[in-house]
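*Asks:* Hey, can you work out the whole structure from these sequences and the hints?
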Amino acid sequence: MARDLAIDLGTANTLVYMKGRGIVLNEPSVIAVNRKSGEVLATGHDAWDMIGRTPSYIVAVRPLRGGAITDFDITERMIRLLLQRVGVSRFTRPKVVICVPSAITEVERRAVTDAARRAGASDAQLIEQPMAAAIGANLPIDEPVGNMVIDIGGGTTETAVISLGGIVALEAVRVGSFDIDAAIQNYVRREHGVAIGERTAEEIKIQIGSADPVGDERSADVRGRDLVSGLPKTIRLTAEEVRFAIDEPVASMVLSVKRCLSKAPPELAQDFLARGVYLVGGGGMLRGLAERIARETSVPVRMSPQPLEAVVIGAGHCIENYQALRGMFMGSHR
Amino acid sequence: MGDRRTGDRSPELSTNGATMNAMGLVAWVFAVLAAGCGSALLVLVYLDHRASRIDDSIAAFRRHIDALSPEARHESMSHGDSTQSDGRYF
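Order-wise, the sequence lines are chains A and B. Letter by letter, the first sequence follows residues 1 to 334 of my numbering. Letter by letter, the second sequence follows residues 1001 to 1090 of my numbering.
FYI, nobody ran anything at the bench for these hints, they're computed from the structure. Be aware that one or more of the hints could be misleading.
Sample of chain A residues at the chain B side, in silico, Cβ under 7 Å [stated by the list, open to error]:
#	residue
1	T70
2	D71
3	D142
4	L325
5	G327
Straight-line distance between alpha carbons at most 25 Å, and here's what the computed SDA-like set of lysine to any residue pairs gives [said to hold, decoys possible]:
#	chain 1	residue 1	chain 2	residue 2
6	A	K95	B	S1069
7	A	K19	B	L1041
8	A	K95	B	F1061
9	A	K258	A	E296
10	A	K95	B	A1060
11	A	K19	B	P1070
12	A	K19	B	D1066
13	A	K95	B	R1063
14	A	K263	B	I1065
15	A	K19	B	A1072
16	A	K95	B	E1075
17	A	K19	B	H1074
18	A	K95	B	I1065
19	A	K19	B	I1065
20	A	K95	B	S1078
21	A	K95	B	A1072
22	A	K95	B	H1074
23	A	K19	B	N1016
24	A	K19	B	E1075
25	A	K19	B	R1063
Since we're looking at a predicted model, the values are computed, not measured. Each residue gets a CB set at the ideal place from its N, CA and C atoms; glycine is no exception.
*Replies:* And the structure:
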């Protein structure tokens, strides 16, 4: 009998939690496919290393964008491989809880559950990412107090107010840390006439990116291809330039948080001032982001101790207490 | 001819007819009473079921909230703590 699983099927990373064991898999949501034969050549870290470096017959893609499945067949194959790697076979069919963005459409929901069932799950249930994140961040959501969680992933930013085990207010935008990478790529192309890949843009974000001025302002040498000559070229980017480049997606994230705060009932809103709001997700690790949200909303912002794993740990808790927490699954009638 | 046929009816026959009518009436009364009792029983069963459903929903909500308590989450959290993140940042 297979152990039941919780899957955080993120735009950037996929994590799998196995009942009774914890997180058993954590790797990038990337798959490399042979364009001619359709065969899968690599997944996860191996496929991630191939992005932007493949010959023409190999394509390394992220099958999810903005938390939604853009390529159903590839996603199904990716889920099938994931389940195989954690021991699921045609004779052992586990129950699966999958974390998805709260803003996905009915069609997208069905695409995810169908992909999981076809990949070998006996039952596939969906849970909203901010709810799973709040459980995984160990917020006191069982109490009648306002808990606010901001989950910034690769493709989405979701802010939720949670009290007594349910979502009170929710705001989601399809802007995430990949949009920050894209903004850096566009800026370097526009202002310096140099083309850089998405992995280089991500490195720049990690090295010198910030949403608000931070004490240690650095600059970095960036290598790319000159758009005019077509030759390799090195340019120097400052932290201030990067901050300017990424201001638009960062401003969208902050605005989404403000909108959610304005939707919260007054009784719960006062709790945020005392308890603060919690940031989870890899995008939340951008330097200066917590400070900027705090500055613009006048609410203290705290980073979850496990920002990358909070969502799958929360979903894992739901799989550990499947019957008691059934009401949290999307489409259930509580 | 019609009058003669009516006049042919014997007294025994008319007594039997009256008895039949009386029995029909009694059966009808019993049927009404049985239907009434049945309905009352159904109403009682429904009310009892509704009361137990309310109890069930309270218990289910209690279980739901209890499953989200820090004590209930402790084990799942400890599973998460034991895992090493690969340090990648997206």
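*Asks:* Does each hint hold? Answer for all of them.
*Replies:* Here is what the structure says about each hint:
no. : hint             : in the structure
1   : T70              : 17 Å, violated
2   : D71              : 19 Å, violated
3   : D142             : 4 Å, holds
4   : L325             : 5 Å, holds
5   : G327             : 6 Å, holds
6   : A:K95 x B:S1069  : 23 Å, holds
7   : A:K19 x B:L1041  : 47 Å, violated
8   : A:K95 x B:F1061  : 23 Å, holds
9   : A:K258 x A:E296  : 8 Å, holds
10  : A:K95 x B:A1060  : 21 Å, holds
11  : A:K19 x B:P1070  : 18 Å, holds
12  : A:K19 x B:D1066  : 19 Å, holds
13  : A:K95 x B:R1063  : 21 Å, holds
14  : A:K263 x B:I1065 : 24 Å, holds
15  : A:K19 x B:A1072  : 14 Å, holds
16  : A:K95 x B:E1075  : 20 Å, holds
17  : A:K19 x B:H1074  : 14 Å, holds
18  : A:K95 x B:I1065  : 22 Å, holds
19  : A:K19 x B:I1065  : 20 Å, holds
20  : A:K95 x B:S1078  : 22 Å, holds
21  : A:K95 x B:A1072  : 21 Å, holds
22  : A:K95 x B:H1074  : 22 Å, holds
23  : A:K19 x B:N1016  : 80 Å, violated
24  : A:K19 x B:E1075  : 11 Å, holds
25  : A:K19 x B:R1063  : 19 Å, holds
Hint compliance for this structure: hints 1, 2, 7 and 23 are not met, and every other hint is.
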